[in-house]
Amino acid sequence: MTTTHPATPTATTRPAFSPTRTLATAARVLRQLRHDPRTIALMLLVPCAMLLLLRYVFDSDRAFDTIGASLLGIFPLITMFLVTSIATLRERASGTLERLLALPLGKADLIAGYALAFGAVAVLQSTLATALAVWPLGLDVAGSPWLLLLVALLDALLGTALGLFVSAFAASEFQAVQFMPAVIFPQLLLCGLFTPRSAMHPVLEAVSDVLPLSYAVDGMNQVVHHTDPTSAFLRDALIVGGCAALVLALGAATLRRRTP
Amino acid sequence: MNKVPTPPTPPPPPALHADALTVTRGARTVLDHLTFTVPKGRVTGLLGPSGCGKSTLMRAVVGTQARPTGTLTVLGHPAGHPALRSRIGYVTQAPSVYDDLTVRQNLDYFAAILLADRPTADRRADTTRVLAEVDLTPHADALAGTLSGGQRNRVSLAVALLGTPELLVLDEPTVGLDPVLRRDLWHLFHDLAARGTTLLVSSHVMDEAERCHRLLLLRDGRLLADDTPAALRARTGTDTVEAAFLRLTDEGRAPARTQETLR
Numbered sequence: 001m002t003t004t005h006p007a008t009p010t011a012t013t014r015p016a017f018s019p020t021r022t023l024a025t026a027a028r029v030l031r032q033l034r035h036d037p038r039t040i041a042l043m044l045l046v047p048c049a050m051l052l053l054l055r056y057v058f059d060s061d062r063a064f065d066t067i068g069a070s071l072l073g074i075f076p077l078i079t080m081f082l083v084t085s086i087a088t089l090r091e092r093a094s095g096t097l098e099r100l101l102a103l104p105l106g107k108a109d110l111i112a113g114y115a116l117a118f119g120a121v122a123v124l125q126s127t128l129a130t131a132l133a134v135w136p137l138g139l140d141v142a143g144s145p146w147l148l149l150l151v152a153l154l155d156a157l158l159g160t161a162l163g164l165f166v167s168a169f170a171a172s173e174f175q176a177v178q179f180m181p182a183v184i185f186p187q188l189l190l191c192g193l194f195t196p197r198s199a200m201h202p203v204l205e206a207v208s209d210v211l212p213l214s215y216a217v218d219g220m221n222q223v224v225h226h227t228d229p230t231s232a233f234l235r236d237a238l239i240v241g242g243c244a245a246l247v248l249a250l251g252a253a254t255l256r257r258r259t260p
Numbered sequence: 261m262n263k264v265p266t267p268p269t270p271p272p273p274p275a276l277h278a279d280a281l282t283v284t285r286g287a288r289t290v291l292d293h294l295t296f297t298v299p300k301g302r303v304t305g306l307l308g309p310s311g312c313g314k315s316t317l318m319r320a321v322v323g324t325q326a327r328p329t330g331t332l333t334v335l336g337h338p339a340g341h342p343a344l345r346s347r348i349g350y351v352t353q354a355p356s357v358y359d360d361l362t363v364r365q366n367l368d369y370f371a372a373i374l375l376a377d378r379p380t381a382d383r384r385a386d387t388t389r390v391l392a393e394v395d396l397t398p399h400a401d402a403l404a405g406t407l408s409g410g411q412r413n414r415v416s417l418a419v420a421l422l423g424t425p426e427l428l429v430l431d432e433p434t435v436g437l438d439p440v441l442r443r444d445l446w447h448l449f450h451d452l453a454a455r456g457t458t459l460l461v462s463s464h465v466m467d468e469a470e471r472c473h474r475l476l477l478l479r480d481g482r483l484l485a486d487d488t489p490a491a492l493r494a495r496t497g498t499d500t501v502e503a504a505f506l507r508l509t510d511e512g513r514a515p516a517r518t519q520e521t522l523r
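So the protein lines, in turn, are chains A and B. Okay, so the first sequence: first residue is 1 according to the numbering used here, each after it adds one. Okay, so the second sequence: first residue is 261 according to the numbering used here, each after it adds one.
Careful, some of the hints might be misleading.
Stated by the list, open to error - In the SDA-like style, the derived pairs of lysine to any residue whose C-alpha atoms are separated by at most 20 Å in a straight line are:
id, chain 1, residue 1, chain 2, residue 2
1, B, K300, B, T424
2, A, K107, A, H225
3, A, K107, B, L375
4, A, K107, B, D377
5, A, K107, B, H341
The hints are simulated quantities; they were obtained by calculation from the structure and are not laboratory data.
Next comes chain A alone, as it looks inside the complex:
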């Protein structure tokens, strides 16, 4: 036989995005979480505990206003990054990913399902953290706390996207966890949390300009300082959302139906 078979068949009959399958996937991910109450508790309570600690470490309302708001944007990113990278890695290692991709499940369904489930957890986490920061801890927010929540949700999606993407390059859970300092810490150092971005060395400032977390933190600070959503806030939110979408698409490309 001389014909060489095309590795990828025509995409005509590929199942399109299916709400049923997406929702089933999101429900399944949440059900898995529900069997793991300790993880839920850690995801929800650790950010609150950190905010509480921070409030008393600084002991001045002024410093807490800046750093507290930034942290509200950073927590969902870190948590969702860790949870997603481990969850997807387990999915790859246990063979369930191969099984799912051999079924009529679109990659978009799988990714949207994950994003939806972890997005829901992020909303819960951010609601708790924002409420704690704004009321008992007295975080002074000029704008609407709903906008803080919106940025937190976008950050969570970005974390999910990054986690999904790096899990393709991690061969074990050890490696996946090590990707956290590699991918998140540089962004954390350069996002303006420790030094205002405008005060950094021009090279570092340029680097921080292309890192999505910088815009997440900027967006949070816009809400803290301005009563109405500013155009800068809108730009920041769009950039974070756009980055999340881009990285999710890259993550989708790492989900291969056919593997060597």
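With chain A's structure known, arrange chain B on it following the hints.
Same frame as chain A, but now just chain B:
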């Protein structure tokens, strides 16, 4: 060993047709120009020692193996065609189920993916049916991770039975099972075949070969034989498939050895 019942007249188009199917991984040829057909509604055993290419062949059939060359037609489509995804049930060697979900939650999820356009009641009925077929109804609400290895294998099998696929590809489905369960599963396989399902079952346990309608014997990525167990025994003049396999392996090896000694 129990005799295999002869099913009624076989339908003409084969479930599987491979022509010069080849898979290479790096410099190694895992599958070497395999040519065979698998008839519909029969249990075809894929036998050979571990590492001979059984799993790779199964992955090629299911469409998860990257870059196979040659021709592989599955249920009238090229292997890996999206239209096949709901028509093939696949069980990998390691049970691919969610350990942190109960058996029923696992089945519910896979049923929702596979039978997304069917009403919930139908999906419920299907999960209940497959639970009974693999004899796991009493464990329906246990976490998959708390079950024994054999039980988790059966959860994985139950997932593959959802939606009554036309072709079942089972990679070592009876590993780690006690003799009673093994017998029950083989009864199930024959039931399914009698209802028209095509089964491709791999095993490295040769006594299971006698329970298959047809056999593909694989060694080092090459096809040693493609025949019925009876014909295989007759051709090699042996009493068991195991002896036939050994005879064929020795025959295949003999010329190579002679050449080596001549050099």
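Hints, verified against the model:
1. Straight-line distance between C-alpha atoms of K300 of chain B and T424 of chain B comes to about 14 Å, which keeps the hinted pair within the 20 Å bound.
2. Restraint check for K107 of chain A and H225 of chain A: not satisfied, since their Cα atoms lie roughly 40 Å apart, outside the 20 Å limit.
3. For a cut-off of 20 Å, the pair hint linking K107 of chain A to L375 of chain B stands: about 17 Å separates their Cα positions.
4. With a C-alpha separation of about 18 Å, the suggested pair K107 of chain A and D377 of chain B falls inside the 20 Å cut-off, and the hint holds.
5. Between K107 of chain A and H341 of chain B the alpha-carbon distance is near 16 Å, which keeps this suggested pair within the 20 Å criterion.
Consistency with the previously given hints fails for number 2 only.
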